[in-house]
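There are 4 protein chains.
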Amino acid sequence: MTVSRLSQLSPWIDMLVGVLDRQSMTLPARIYRRAEAALILIGLLAMIAFTTQSLTPGEHLLASAVLIAVMVLFLIDALVRVALSRPITLRQKHRAAEAGDTPWAGTAWGALDVLTVLPMALVAPFSWTQTGAPLLASLWLLRFARYSGGGRMLATVILREREPILGVLLLFGIVLTGGAVLGFLAERHAQPEVFTSVGAALWWAITTLTTTGYGDMVPVTLFGRMIGGAVMIGGLGTISLLAGILATGFSAELKRTEFLRSWDMISKVSFFENAGAATIADVAALLRPRDFPARSVVTRRGQPGDCMYFIVDGEVEILIEPKSVRLGSGAFFGEIAILTGAPRNATIVTTKATQLLTLDIADFRALAASRPELTDLIRREAELRLGKGPQ
Amino acid sequence: MTVSRLSQLSPWIDMLVGVLDRQSMTLPARIYRRAEAALILIGLLAMIAFTTQSLTPGEHLLASAVLIAVMVLFLIDALVRVALSRPITLRQKHRAAEAGDTPWAGTAWGALDVLTVLPMALVAPFSWTQTGAPLLASLWLLRFARYSGGGRMLATVILREREPILGVLLLFGIVLTGGAVLGFLAERHAQPEVFTSVGAALWWAITTLTTTGYGDMVPVTLFGRMIGGAVMIGGLGTISLLAGILATGFSAELKRTEFLRSWDMISKVSFFENAGAATIADVAALLRPRDFPARSVVTRRGQPGDCMYFIVDGEVEILIEPKSVRLGSGAFFGEIAILTGAPRNATIVTTKATQLLTLDIADFRALAASRPELTDLIRREAELRLGKGPQ
Amino acid sequence: MTVSRLSQLSPWIDMLVGVLDRQSMTLPARIYRRAEAALILIGLLAMIAFTTQSLTPGEHLLASAVLIAVMVLFLIDALVRVALSRPITLRQKHRAAEAGDTPWAGTAWGALDVLTVLPMALVAPFSWTQTGAPLLASLWLLRFARYSGGGRMLATVILREREPILGVLLLFGIVLTGGAVLGFLAERHAQPEVFTSVGAALWWAITTLTTTGYGDMVPVTLFGRMIGGAVMIGGLGTISLLAGILATGFSAELKRTEFLRSWDMISKVSFFENAGAATIADVAALLRPRDFPARSVVTRRGQPGDCMYFIVDGEVEILIEPKSVRLGSGAFFGEIAILTGAPRNATIVTTKATQLLTLDIADFRALAASRPELTDLIRREAELRLGKGPQ
Amino acid sequence: MTVSRLSQLSPWIDMLVGVLDRQSMTLPARIYRRAEAALILIGLLAMIAFTTQSLTPGEHLLASAVLIAVMVLFLIDALVRVALSRPITLRQKHRAAEAGDTPWAGTAWGALDVLTVLPMALVAPFSWTQTGAPLLASLWLLRFARYSGGGRMLATVILREREPILGVLLLFGIVLTGGAVLGFLAERHAQPEVFTSVGAALWWAITTLTTTGYGDMVPVTLFGRMIGGAVMIGGLGTISLLAGILATGFSAELKRTEFLRSWDMISKVSFFENAGAATIADVAALLRPRDFPARSVVTRRGQPGDCMYFIVDGEVEILIEPKSVRLGSGAFFGEIAILTGAPRNATIVTTKATQLLTLDIADFRALAASRPELTDLIRREAELRLGKGPQ
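Residue numbers (the working numbering), protein chains in the order written: chain A, 1 to 391; chain B, 1001 to 1391; chain C, 2001 to 2391; chain D, 3001 to 3391.
Because the hints were derived from the structure by calculation, they are not lab data. Incorrect hints may have been included.
[Stated by the list, open to error] Here are the computed lysine-lysine pairs in the DSSO-like style, where the Cα-Cα straight-line distance is at most 27 Å:
| no. | chain 1 | residue 1 | chain 2 | residue 2 |
| --- | --- | --- | --- | --- |
| 1 | D | K3255 | C | K2255 |
| 2 | A | K323 | A | K352 |
| 3 | C | K2268 | C | K2352 |
| 4 | B | K1255 | C | K2255 |
| 5 | D | K3352 | D | K3323 |
| 6 | D | K3352 | B | K1255 |
| 7 | B | K1323 | B | K1352 |
| 8 | B | K1268 | A | K255 |
| 9 | D | K3268 | D | K3255 |
| 10 | B | K1268 | B | K1352 |
| 11 | D | K3255 | A | K255 |
| 12 | A | K255 | C | K2255 |
| 13 | C | K2352 | C | K2323 |
| 14 | D | K3268 | D | K3352 |
[Stated by the list, open to error] On the chain D side, residues computed to face chain A include the following (Cβ under 7 Å):
| no. | residue |
| --- | --- |
| 15 | T3056 |
| 16 | P3057 |
| 17 | G3058 |
| 18 | I3174 |
| 19 | T3211 |
| 20 | G3215 |
| 21 | V3218 |
| 22 | T3221 |
| 23 | M3226 |
| 24 | M3232 |
| 25 | S3240 |
| 26 | A3243 |
| 27 | A3247 |
| 28 | F3259 |
| 29 | R3261 |
Values in this document were obtained by computation on a predicted structure and should not be read as measured data. Note that the Cβ used here is the ideal one computed from N, Cα and C, for glycine as well.
When you get a sec, could you build the whole thing from the sequences and use the hints?
What follows is the structure, given as C-alpha cells:
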C-alpha cells in the first residue's frame, strides 16, 4: 500500500516496486524472482563446495567469491526494499491503520529478507573462515519460504490440531523415556561400554522409535531386544497417528482455503452475479482457481476437454479462423467440449496475466444434478456459440 | 464434587482446592500447573544426568538432591490431594452414588499422582543407588497424561477399531514368524554365528519388518535376501494399513468429540435458544470451541477477519473510543468483518477466563446457504451495531 | 448345515459340534477357543526354544515333548472335524447345492486346520531334528486367521484397489531397478568388493527404498549418494502413496461392512419394523453392532451415558430395586441417559450371549435433526419409563 | 484412427493391428501382451545374471544371448508399430486434426516403445561388455507403464497438489540443509574424518531425515545427537504430511475417475436411458466398472450375492436348466440375490469380452432410500423373472 503511494514519486521507483513485488505476475518481476531462486541455489552449492577438503586453493577462492557476490546482491536487495518502505512515518502508519489499511503487510517477509543476509554480512568482515561465515549461506533457503502457501497452511494445520499433536508428542515422550530407562536397565551389564547412561540409552531409543536404526547401539540381551521390538512397534503406531492427524487436518484446510479463494473470485464473475448465497456456496466448493501468465496456452485444439473455465480477471484469445475472438473478465469458455464430449475445437491463449476458475467435468455433471438452472444457462450460451461458429 | 463440599470448611482449603483443581483457569491454578510441568522436566534431566558416568561427585550429589527435592514436593502434593478427598466416608460415597453423583471422578488421576511418586518414595530410603531409585523418576512423565485429551482419544480409537487393528497385528505376527523361520533356514548355514536360532532370527525379522534395520544381522544368501525384501515390503504394507486404520478412526473421533462439545456449549448461547434440533445439529458440526484465559486478546484491530465468535461463558471487552463496550455470555461478535470482508475494526480482549465458539468464515458462508434464517439474524444485528458505531 | 443334521444322531456329537463351532458364543466353545489359542502360543515358544543352542539336553527334550503334544492335540482336533463332516455323500452335497445350501461352508477353514498340522505330522516320524520338523510349528499361527475379520477385509481392499496398488508396485519396481543399475554403475569402481553385481545392488536398492538401511552396502561416491538420496525420497513417496490408497480403501470397506451388518440386524429389531427403506438406510449408517457374552456388564450405574442400545438377539437385566427388569430381543434401553445428560441410573447386565446395536449420542442428535419422528418415539418411551421408575 | 484406415488394406495387417492394439481384449492380443510381459521379466533376470561374477563363461554367454534375443524381438515390435503408422503423411495429419481427430494418439506410448529398445540397439554393435549395453535392459521395465492407470493418476495428483507438495519439499530442503550444517558444526571436531564437509553432512542428514539410518555416519556428541533426533522427528513429520497430501489427492482423483468412467458407461445402459441428470449423477457415484474377458465366470451358483450387474457391452449366459438364457448389452442381472438375501441361484459366464457395471448391495440399499423409483423398477423385473424361472 505505502509502496504504491511511493510509486507516484518517480517512474523509476515505480518500476523497481513492480519488479520487487512478490505477488506481481509481470515478466520483469517473474524474471527477478527466477534470478533470486537461481542465486540461492548457486550460493548453497558454493557453500557446500567451500567446506570440501579436496578443493584446490583456486577452487576454494572461487567458492568464496561466489558466496560473497551473492551475499552482496542480497544485501542490496534488502537495502532497496527497506529504502522503498522507509518513508512511512509513525503518523502515516497510524493514519493508515485508521483507514483499515494494513501498511506493514509484508513486513514479516521483509524482516526475513534482512535476517537471511544480515548475520553473514555482520560476521564476514571479521574473519571469513574462522567464524564459519560461509555456513550462514544455509539461511538463504528460508527466502523460498515466501513462495510457498504450503508452509503457511502447515502452520495453520499444526495450530488447529495442536491438541492431538501434543497428545502424540507426549506419547512419543513417554515411549522414548520409558524405552530408554528400560533399555538401559536391560543392557548396562551386558554392554557397559555402549549403554553407558540413560542419556546414551535415550539416543538409542530415539533412533529406534523413529525406525532410523543406525546400528551404533544395538541391544543384545533377550529383555533388551523385547524392549527394542516394543519401541519399534510404538514408533510405527506414533508415525501412523501423526500421519492420520496431519492428513485429516491438511485435507480440511486445503478444502477451506480453496473454498474461500473461489468464493472471493466468484463475486467478480458476472455469470454468477444473480445467483443466491446457496448457489454460490455450492459452486465455490467445486471451482478451482488457476493463474496463467500472459501468452500462455489454456487449451489446445484437439485435446480432450475435461473442464470449463470462468475468467475472473484478464483476457483470453480464442484462435479461430477467419478471425480470433477475445473474451474478458466475467466470461466463460470451454463449455462446448464438456457438453458434447468432443475434443477442444480451438486453441485458447491468454493475452495478459489471467486468473481463471476451472470447473471439472465430473463436478459439472454433479452440478447439473443439483443446480440444473445454472448448467442450463451454460448450455443455452453454448448453443448460441455453436450457431455462430466454433468456440 | 466432594472437594467442593469440603471447601465450605475454610477459606484456606478453599484456596488449596482451587489451586489444585486441574480444570480451573484461574491464575494461581495455572501457575501451579506450570510449576509442576517445570518440576517434571527438571526431575527428568536430573535423572538423565545422574546416570552419566563423567559426572564429578559434586554434580552427582546435586542431581540426587534435585531428584529427592522434586520427589518430596510431589509426595506433599499427593498427600494434600488425598487429605482433601479423605472426608468422604463409605456412606457418603453411597449416598452420592444414589444422587447420580460421581464423587470419585478424578480418582483415576489421583491414583496416577500417587503411583508416579510412591515407588520412588518407598525404595529410596533403603538404598539410593543400588535400587535404581533415581530411574523411577521416568514415571513422572505420566503426570502429563492428564493434560492431554490426545491420550484418551487414542484409547477410544484403539478400542473402537479393535478388530481391524488386531487383524493387522495378526498379519504382523504371521509375517514376523514366517520371516524369522525362513530367514533362519536361509542363513543358518552361511552365518551360523549370527543366525544362531529362531529367536535370534525373530530379532532380525522385527528390525526388518519395522524398517529399522540396525545392520547387526544382515542376510547374505540370495534366498535370505529375497526373504528380507519380502519382509520389508510386508512392513511397508503393514505400516500403511495401520496408518489408514488409525487415521480413519482418529478423524471420526475428532469430529465426534468436537460435535458433542459444541452441542453442549450451544445450549448456553442465548442466540441459539429458539433454534430447533436440526439447526443445532447443523451448527454444532461447524462451531469450534476455544478457551481464552483472562486479559488475552481475541482479535486485534486491523487483522483480517476470518471467523466470528459466540460467548459461551465469560466476558469480552471491545476496545473502542470513546468508551469500551462489554459483552457477556450468550452474545456474539466479530460478525462485521466476515460480512464486509474488511479487517477487524476493534481490538477485543477477555476480561475473565472465557469460553468462545468460533464460526469460520468458510462455514459461515456454507451456513448462509443452508440456514439463511440464522445468518440473516446475524446480519440484522450487525447492521444495528454499525449504525451505533464500530464493533 | 450338514453338521447340524449330523447333530441329531447323538447328544455327544451334538455337544462336540457345539464346542467346535467357531461362531458359537457358548461358554464351552469359548473355553475351547481360548485353549487352542494358548496351545498355539505355547507351541510357538517351544519351537523358538528348541532352536536355541544354549539349552541343556533336558530342556531340549522338554521343548520337543511340548511340540509333539500340541501337534497330537491339533491332529485329533482335525480328525474330529473331518469325522463330523464325513457323512456327506456326493449325492447329499448335490442336493444341498440345489436347495441353495452351502454345505461345504467352512471347508476352507477346515482345510486350513488340516494344512497347519499335516506337514509336521508327516515329516516328524522320519526324523525330528534333521528335517526341521519343529520349525513347521510356525504354520500354527495361521490358525488365528479365522478369528480375524481384518484379514478378509484386507483381501477385499487389495482386490478392489488392485489397479492403483499395481501402479504403485510398478513404480516401486521401476525405482528399484533403476536405482540398482545406476547405483551399480556409480559404485562398482569405488567399491568393487561390495557392489559386485546388479543383483547385489538390487539388495542395496531395496534396503534403501524401504528406508531400512542395514548399512552393509553404503554408497561412497558423490553420484552414488545422489542416487541413494533419490531412491530414499522415492521410497517415502511410494510408502505415502500406498498408505493413501490402503487408507482410502480400508475406510470405505469398513463403512460398507458395518452398514451391511447393521442393516441385517435392524430387520430383527421390532422398533424399526414399520420404518421405510430410507429411514433404515439412514439408521444403518449410524448403528454399530456389538457382541456381549452372557453375564457381562453393558452399562454401570453412575457412568456417563454416551450411547443407547437396541437388542437384536438375547436378553439383558436392568439391576434396579426392588425388582430387576428383563428386556428381550427388539427392545431398547439406555436412552434416558442420552436424553437427560445424567449418568446411567442403573447397572445393566446380559443374561445370555446378546447382540446389541449401539447408537452414539452424537449420532442420536444428528438423527434427531434428520428423522425427528424416530427420536420422538424413543423420547415418548423414555417418559413412560421414567414415570414407572428408573431404567 | 489412422491404424483403422490402414486396416482396410489387407487382412494380415488387420490381424497385426488387432494383436498389437493394447486396449484390445481379444485372445491373441492378450496372449501377445502376456508374452511381452514375460520377455521383459526374462530380460531383466538375464541382465541381473549377466553382471554376476560367479557365472561360468557358458552361463555368461547364455545371459547375453537371452538379452540380445529379447532386444531383437522388441526392435521388431517397434519397427512393425512404426511401419503400421507410417502412411500418415503430414497432409493427412493436418486433415485429421481439422476433423477433430487425434491421429497421433498413442504416439507417446509408441515413442516409449522405441526409446526403451533403441539405446541398447545403438550401443550393442560397438561393444557389448565395455559400454554396459546389457544394463540398458533396465529400461524395458518402463514398457509396463502403459498398462497401469496408476502412473497416470499419480501424475494427475502430483500436478493438482503441486503447491502443498512443493511446500513439503521446501520444508524437507530446509530441514535437510539446516540439519547438515548444524550436524557438521557439531561433529567436525569430534569426528573430523567422518564429518569431513557440509557435503558429507548432507549425506548424513538425508539418511537420517528419511529414517534410513545406514550407520556409516553417526553423531557422537550431545549436540550432534540432539540435532540428529530433531532431524529424525522432522523426517517423520515430513513423511506424515506427504502421506496426508498424497492420500487426500489420490482418494479424490480415484473417485473422480470412477465417476467419469461410470457416467460414460451408464449412457450405454438402456435401463437408465430415461433417467434425469440428477439420477445419473447419483448412480454414477455408486456404480463400479469391471471388465471380464470372454468365457469367464461372473457369479457362481451358491455363492453369496453381494452385488448386481448392468451389462454395458458384451453378453453373458445364465447357466440354468433346461435351457441357458443369454443377456446382451443394456440388460441387468444378479438382482434377485440382493433382493432376497439368498445365494446366487445360477452360474453366469460371459460369452465374449464384456464390460459390466456393478452395484454393491450396500449402495443398492442406500439407493433404495434416495431413489426408490429406480429400485422399484429392478424389483418389478426380478418378480417377473422369478415367475418365469431361476435367473
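Evaluated hints:
no.	hint	result
1	D:K3255 / C:K2255	16 Å, holds
2	A:K323 / A:K352	19 Å, holds
3	C:K2268 / C:K2352	17 Å, holds
4	B:K1255 / C:K2255	16 Å, holds
5	D:K3352 / D:K3323	19 Å, holds
6	D:K3352 / B:K1255	49 Å, violated
7	B:K1323 / B:K1352	19 Å, holds
8	B:K1268 / A:K255	30 Å, violated
9	D:K3268 / D:K3255	21 Å, holds
10	B:K1268 / B:K1352	17 Å, holds
11	D:K3255 / A:K255	16 Å, holds
12	A:K255 / C:K2255	23 Å, holds
13	C:K2352 / C:K2323	19 Å, holds
14	D:K3268 / D:K3352	17 Å, holds
15	T3056	36 Å, violated
16	P3057	39 Å, violated
17	G3058	40 Å, violated
18	I3174	5 Å, holds
19	T3211	5 Å, holds
20	G3215	4 Å, holds
21	V3218	5 Å, holds
22	T3221	11 Å, violated
23	M3226	9 Å, violated
24	M3232	4 Å, holds
25	S3240	4 Å, holds
26	A3243	5 Å, holds
27	A3247	6 Å, holds
28	F3259	5 Å, holds
29	R3261	10 Å, violated
Going through the hint list in order, the structure does not satisfy hints 6, 8, 15, 16, 17, 22, 23 and 29.
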